[in-house]
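Chemist: Hints given; two lone chains; assemble the complex.
Chains A and B, in that order, are what the protein sequence lines are.
Under the working numbering, the first sequence has 7 at position 7, and the numbering climbs by one with no breaks.
Under the working numbering, the second sequence has 470 at position 470, and the numbering climbs by one with no breaks.
Worth flagging that the hints you see were computed from the coordinates, not collected in a lab.
Ideal placement from N, C-alpha and C gives every residue a C-beta, glycine not left out.
Any given hint might turn out to be false.
Incomplete in silico selection of chain B near chain A, CB under 7 Å [to be verified]:
1. L435
2. W440
3. L442
4. F457
5. E473
6. E500
7. R504
8. L547
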Amino acid sequence: MRLEFCWFCSSKIYPGHGIQFVRNDAKIFRFCRSKCHKNFKMKRNPRKVKWTKAYRRLHGKDMTKERKRNRPERYDRNVMENTLKAIKKIDKIRHDRAADHIAQRWKPKAAKERREARKELEQSISLIKAPLAIQSQEPAITVPKIKVKAPKQQTVEDQLMEE
Amino acid sequence: MAQYDFKKITVVPTGNDLIDIVLSRTQRQTPTVIHKGNAISRVRQFYMRKVKFTETNFTDKLSKTIEDFPRVEDIHPFYGDLLHVLYNKDHYKLALGQLNTARNLIKRIREDYVKLLKYGDSLYRCKSLKRAALGRMCTVTKRIGPSLAYLEHVRQHMARLPSINTGAPTILICGCPNVGKSSFLNKITRADVEVQPYAFTTKSLFVGHTDYKYLRYQVIDTPGLLDRPLEDRNIIEMCSVTALVNLHAAILFFLDLSGSCGYSISQQAALFHSIKMMFRNNPVLIVCNKTDLQTLEGLSGEDLKLVMEMKSAALKTIPGQGGEAANDQDVLLTMSTITDEGVMAVKNAACQRLLDQRSERKMKSKKMPTVLNRFHVAMPKPRDQKERPVCIPQAVLEARAEEAAHEERKTEKDIENENGGAGVYSASLRKHYILADDDWKLDILPEFLDGHNVYDFIDPDILQRVEELEREETAVEEDGGDFEMEDEDFTAEAEKDLQEIRKRKKLLIQKHRIKKSTAESRPTVPRKFDKDRKFTTERMGRQLSSLGIDPSRAIERARSRSVSRKGRKRERSVGGDGEDVMEIDGGLDNKKKLRLRSRSMSVLSQRPLGEVVPGEGFKDSAQKMKAVTMARNATKKRNKDARRGEADRVIPTLRPKHLFSGKRSIGKTDRR
Numbered sequence: 001m002r003l004e005f006c007w008f009c010s011s012k013i014y015p016g017h018g019i020q021f022v023r024n025d026a027k028i029f030r031f032c033r034s035k036c037h038k039n040f041k042m043k044r045n046p047r048k049v050k051w052t053k054a055y056r057r058l059h060g061k062d063m064t065k066e067r068k069r070n071r072p073e074r075y076d077r078n079v080m081e082n083t084l085k086a087i088k089k090i091d092k093i094r095h096d097r098a099a100d101h102i103a104q105r106w107k108p109k110a111a112k113e114r115r116e117a118r119k120e121l122e123q124s125i126s127l128i129k130a131p132l133a134i135q136s137q138e139p140a141i142t143v144p145k146i147k148v149k150a151p152k153q154q155t156v157e158d159q160l161m162e163e
Numbered sequence: 001m002a003q004y005d006f007k008k009i010t011v012v013p014t015g016n017d018l019i020d021i022v023l024s025r026t027q028r029q030t031p032t033v034i035h036k037g038n039a040i041s042r043v044r045q046f047y048m049r050k051v052k053f054t055e056t057n058f059t060d061k062l063s064k065t066i067e068d069f070p071r072v073e074d075i076h077p078f079y080g081d082l083l084h085v086l087y088n089k090d091h092y093k094l095a096l097g098q099l100n101t102a103r104n105l106i107k108r109i110r111e112d113y114v115k116l117l118k119y120g121d122s123l124y125r126c127k128s129l130k131r132a133a134l135g136r137m138c139t140v141t142k143r144i145g146p147s148l149a150y151l152e153h154v155r156q157h158m159a160r161l162p163s164i165n166t167g168a169p170t171i172l173i174c175g176c177p178n179v180g181k182s183s184f185l186n187k188i189t190r191a192d193v194e195v196q197p198y199a200f201t202t203k204s205l206f207v208g209h210t211d212y213k214y215l216r217y218q219v220i221d222t223p224g225l226l227d228r229p230l231e232d233r234n235i236i237e238m239c240s241v242t243a244l245v246n247l248h249a250a251i252l253f254f255l256d257l258s259g260s261c262g263y264s265i266s267q268q269a270a271l272f273h274s275i276k277m278m279f280r281n282n283p284v285l286i287v288c289n290k291t292d293l294q295t296l297e298g299l300s301g302e303d304l305k306l307v308m309e310m311k312s313a314a315l316k317t318i319p320g321q322g323g324e325a326a327n328d329q330d331v332l333l334t335m336s337t338i339t340d341e342g343v344m345a346v347k348n349a350a351c352q353r354l355l356d357q358r359s360e361r362k363m364k365s366k367k368m369p370t371v372l373n374r375f376h377v378a379m380p381k382p383r384d385q386k387e388r389p390v391c392i393p394q395a396v397l398e399a400r401a402e403e404a405a406h407e408e409r410k411t412e413k414d415i416e417n418e419n420g421g422a423g424v425y426s427a428s429l430r431k432h433y434i435l436a437d438d439d440w441k442l443d444i445l446p447e448f449l450d451g452h453n454v455y456d457f458i459d460p461d462i463l464q465r466v467e468e469l470e471r472e473e474t475a476v477e478e479d480g481g482d483f484e485m486e487d488e489d490f491t492a493e494a495e496k497d498l499q500e501i502r503k504r505k506k507l508l509i510q511k512h513r514i515k516k517s518t519a520e521s522r523p524t525v526p527r528k529f530d531k532d533r534k535f536t537t538e539r540m541g542r543q544l545s546s547l548g549i550d551p552s553r554a555i556e557r558a559r560s561r562s563v564s565r566k567g568r569k570r571e572r573s574v575g576g577d578g579e580d581v582m583e584i585d586g587g588l589d590n591k592k593k594l595r596l597r598s599r600s601m602s603v604l605s606q607r608p609l610g611e612v613v614p615g616e617g618f619k620d621s622a623q624k625m626k627a628v629t630m631a632r633n634a635t636k637k638r639n640k641d642a643r644r645g646e647a648d649r650v651i652p653t654l655r656p657k658h659l660f661s662g663k664r665s666i667g668k669t670d671r672r
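So here's chain B without its partners, still in its complex pose (with noise of 0.2 Å):
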């Protein structure tokens, strides 16, 4: 038998999209390019090629399909009823076999035309041949396209039909609807099947997995089944009275005792015998379910007798007893399962039964013997005839006395479901502390102190410490300065000289600065040339004498030495200051030297102001003095205004366009 695997089947792709996915292969994947002037056997190849290859794609993905698909004589008889029950087993064939027929008929299309290709005289020719063959494939598979659709239908049902293991220890679930078949199924398994109070919830059959005697067991719940002759039934009940007839299962059938499904028990019961023919060999169980409704023995008298036939029924099928009532508990059970009472037992009940009757076969099989050979209990011969009882030592007899009563131990797990659950009591981890008081547990710890840690301060000969840290203070303290003073400080006197020599050495810094951020516009004038009359004999004098010098000699000095005076007598000068240069040529007289300095002197500042110059058209020096005077405070006023003279340098345009305004051709036009 070939294992099918319902969910490996491949995709059927629809009509169109075959034929798609066949001549875009064969567009790809052959060559593509051919010319009339080629040798003919080359365009002949060519073209063979591309039937080629498109037979041989149609073949291959419709066999594909043909061969997943599984045959319903080869599969389980099981899966062979279930599928003629879903998908009508005649119409699937159908299908397949119209697959299989274009199947050949594609081949035969391709072997026809490569045969005419062979005789293709032109290019033309060819290409036209090759065309009707692709053509041809092409009808053939839109014409079974209705019958790929349904097999992609059946192929995603199929994928989805529970897994059932046709060879595992199963269980099979059947009765009425709404007995409680599905909820049995929930509680033993870890299935989650629909439980609703309307009958035919189940629409399907349902498999779960329990575990019993390290054996995994599968539950198959089914659909309720109806008290209706076979021909009658709908797919859904079809599909359990399949899983009953074909699997070899330990069958439960579900009793309601109470009705509360809608079906009185002589209606199940009936149910009952009608079906029994379809149990076989597998072993019966009867459970009798909402027992918290309505338990067996408040049953009435009839019902009873209906519950006991049926139970004689179900005797039968137990191996080796031949219906004597042996053991009632594996026949007939009692559950209920809401209260959960009794759902274990029916569960181990099933499986033990399953498993007994698996033993059985075992041991009547021809290979038990073989097996039994192999194994051999050895017991010791006894030596002598002395008693050696079982010897266990008294400590652990004592530990065993103990721990049973020990039992009622609380645990911190039953503490926390006292005290409101995991969420809302939170354990006290510090009450198996163990302290020099226990006093002590339940301490409040501050974690900070002032901006610091105290754990990092913890320490227990902290105070010592502490006490050591304090002495090294006081000793420094004690200590004193060891700086030593350097000498006094200054006097007051002092301290004012000091000031002044700031102040001086802060004025000269300032001039200095002046000095040299007007460098530029400055005229560099010598120092004769005195405008602002800063070295005058009265200045120097102020200087001086600030500086704690008597100036009366000094000015006079300065005084006799000026060039200006005229009429000068010359003074022999004795004593020390011999550096005037003048002095030496004695000869040169104030007029001479007046010529000699004039070139670099300005017109103006080479007579006195009011002297009266020939030429300029003033009477006497008082006129000229006035008119000096009037010129002068003239132009006053227009100095203090600030006025813009002719001198002043003018800019005709403020905010030229050109510097204000466009875009720059290159570069960011951040400022302006």
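Just chain A, with the same shape it has in the complex (with noise of 0.2 Å):
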């Protein structure tokens, strides 16, 4: 027995669970839920459906898996051995590099909020604080200041000299 993996989501497929479906050109699909085999039997591109691993790795969200090895070898009992206590470490490492990747995905989302705060701040302090008073309080924090053309004042004569 072996675990096998669903061709749409690639979750593993325990013994007793799922469905296998052979093509006519004996290519073997194995579906972990009925799920995936509809999905199947509709057609649908794994590559496109958000929820699955192919299009999650494809579109870098998770890490690329490991291509497995296929030499057999004839049986060793240390071999086994070893090769059971490393699975363990190996499960540790790989599901560490997959938990790292995924943080730093998120990391420059951290900095960019705080970029977009710091903005947020200079361009509408002026909702809570009016120029002048940020001027006395802080003179660190300046507002431009903007400079537009009065018109001309006109006097009593020049209104007088239109009449």
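Modeler: Laid out in structure tokens, this is it:
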């Protein structure tokens, strides 16, 4: 017995679960549950369906899988022992690496948020504090002064002259 | 001799069926439409065709049947006799004869009527003639109905007769009932004949096939024979007699030594002697069956004498030896079908006798010398007198010796059988594994661990790789965050400000959304008609102070600009804010402004609330105020209760029938 991977969502299929479909060209499709099977029957491409591992790997959201080795070896009890011990360690390392990958993905977000907050603070400070108040309080944050050309004041004499 | 295949005889239809078949054929296959107006020759032709067609069909079908059925004289006498025994030759011939007569009659009818039709003068006359012709043919057929039924019966039975090839080497088994003939047949061939303790279990001939020396032999089992004169025999016995007489075969006469068949040895011997003239030139073997119950040696003297008599009679049939007891084994054999003792020996002996006979015959035939002449075994001429014995290499001799010693080697199959057979024992496939250490042969191999296939990870240098991986991991950790930290986080004050900003923004958005959603129902009133009193200086003052600015100056200015003040001196504004248009044409006084604006203002807001307007009916301001207050109080409760007023929209019928019932003329009534 061996653990297979679902063709659609790439999850592990334990013995006794799922459906296996053999096509006329002898290609075998294994599905872990009817959700994947039904999606396959609808001819959906797993690379386009958001929740599948294929999509996630393709779009860099998860770490890509390592290839497995397939060379048959003669049985050796020591090798088997070492393998069993190693599997645990490898599992842990893999898990850590995958977690790292995802953490890396999330890191830039914090910096971005901070930048945006800073900008917002700069731009919208006028909603809560008037420029004059700011000037008096914090000379550090300066609001740029806007110069507007004032219309010329017509004196009384000028008006009388117009009439 | 024509080859007859009894299974290939066509089905014989019954009389009525035959009529139906032929008449419906005529109707379908000949033209059906003819009119009175057609030319008479055409009419005649039409009806003549029908008559001829019908006659042809009848003749064809009857001829086919007559030809298919075998002629008793023409076939092998065995079959001829068998047919006679089973179906009575005379009856059979009669039936076929009747068919023939019918055929001729029909032919005659057709000739007659065609001649008459040639001179038919009207459609009606031709039609009647055709009707008469067809009718007569049908009557003839109806009369032979019983013969047809009988022939069909015969045909069905004939098809089920065992196919005995009269030319092939045959072994015939005969004897008293219940001696073990059918069991013997079951033993040596694949035939599965019923074997039962009562007599006459076998009621007809059964055929099996067996092989000997690359030749196929037929073995025929016959029903048991009783010692009776020929005339008294019944049909079943006659079958076996026919076979005995007509077939050229090795005859195995079965003898039951124990007498458990119900007949003593003397009775069986008597039977033998009565039928021995049927044997003619066929090789005879006497087979003593049921030796498990009674052996030949254990027989009493008389019985033994009888057996020996039979043997001597049988010996006479051996060719070329004329009655001398050459080889006992060839003539008298013992066996037991239950214990399988001697069964094969009997079969081989019988087959051998037949073979010998055949070869003898062939030798005696004229063709033999010509064949013999073709054989020539060449012997090499000796070159010198040197002896050249057989030379076998030593290795071969040793191998042979070893093989002989190893004959007793236990095979896997033997082990399997010892341990309970195929379903119980499962062979250990691991026994012959080639491993570095033999202890490992019986190890249990895990297939999964923690959700991984172990086989995917097996690698002789896996530990190495794991070590490398771990080193990598630690290296990455020590490297630490290669990710530079940007500028520091905000101060607490900045954080607070940020939150304030966000809250303010949210409020703005909310207000805007409300404004947008009520835009349709909300009247668009200019700012100066401020119903909710949003644009008050208090409010402005509050907002400005929350921003951190001292509002007093702004409030003063706003108040000074406000239009509702009466008798206010126009103040000339010194300094920067000269945007007010009204200031430019300084001549307008308040009243004019009021009138200018009064068109767009509602009447109510033109005057102050308590002002007494002449004509309204109030005596003074206090009274008016009281009236105003009373009016307000009166409507307050109603408003609070949210009661419907005159101005509120009324829906006279909440659920009009035409909307809530009835089917639609097109479309579905999913929702109402």
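Chemist: Any hints from earlier that this structure breaks? Give me their numbers in increasing order, please.
Modeler: 3
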